[in-house]
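S.K.: Quick note: the sequence shown uses the numbering used here, first residue 328, plus one each step.
Hints are not guaranteed to be accurate.
As the list claims (entries may be wrong) - DMTMM-like cross-link-like pairs, simulated, lysine to aspartate or glutamate; straight-line CA separation at most 25 Å:
no., residue 1, residue 2
1, 360, 407
2, 388, 408
3, 413, 363
4, 423, 410
5, 379, 410
6, 379, 368
7, 423, 381
8, 423, 391
These are calculated hints, taken from the structure and not from any lab test.
Computed from a predicted structure; not experimentally measured.
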Amino acid sequence: MKAFSYRTENWWVSPYNFRKEIREGWKLSPSVKIHDATLRDGEQTPGIVLRKEEKIRIAAKLSDVGIHRIEARMPVVSIEDREALKGIKNLGSRLKFLVSLERERKTLL
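Required output: the full structure, derived from the provided sequences and hints.
M.R.: Shown next, in the form of structure tokens:
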């Protein structure tokens with residue numbers, strides 16, 4: 328197997344991904360859409376809390392680098408989360424976002 332340069336100080340990709348028998352089955356799309364879960368999944372990390380301004384800033388940066396779609400938390404979680412989602416929407420970027428939905432709290436009791 329020939330040597331690949333898929334390793335830098337920041338990342339590594341297995342050269343096995345590029346073996347002939349693997350690549351033969353590839354049907355690559357002419358365009359790729361990137362879906363990012365940082366705002367949702369990141370806050371599920373113990374000890375991590377993102378404030379409204381941080382969420383909006385992260386979403387703006389994701390849009391700037393070409394991310395197509397992001398996941399956001401539920402607007403019912405808090406007023407600050409709801410305001411963050413409004414702020415992201417008001418960025419005016421082409422960024423699309425998915426929001427988790429939940430039933431109204433009083434119906435859960």
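S.K.: Each hint should be assessed against the structure and marked as holding or not.
M.R.: Now for the hints, and whether the structure bears them out:
Note on residue 360 and residue 407: the hinted pairing is violated, with a Cα-Cα distance of about 29 Å set against a maximum of 25 Å. Note on residue 388 and residue 408: the hinted pairing holds, with a Cα-Cα distance of about 18 Å set against a maximum of 25 Å. Only pairs whose Cα atoms come within 25 Å are accepted, and residue 413 paired with residue 363 is accepted, the gap being roughly 18 Å. Under the criterion of a C-alpha separation no larger than 25 Å, the hint pairing residue 423 with residue 410 is consistent with the structure, at around 17 Å.
Using a Cα cut-off of 25 Å, the hinted pair residue 379 and residue 410 holds, with the two alpha carbons roughly 7 Å apart. Taking the CA atoms of residue 379 and residue 368, the gap is about 16 Å. The hint holds against a cut of 25 Å. At roughly 18 Å between alpha-carbon atoms, residue 423 and residue 381 fall within 25 Å of each other, so this suggested pair holds. Proposed proximity of residue 423 and residue 391 is supported: the alpha carbons are some 13 Å apart, at most 25 Å.
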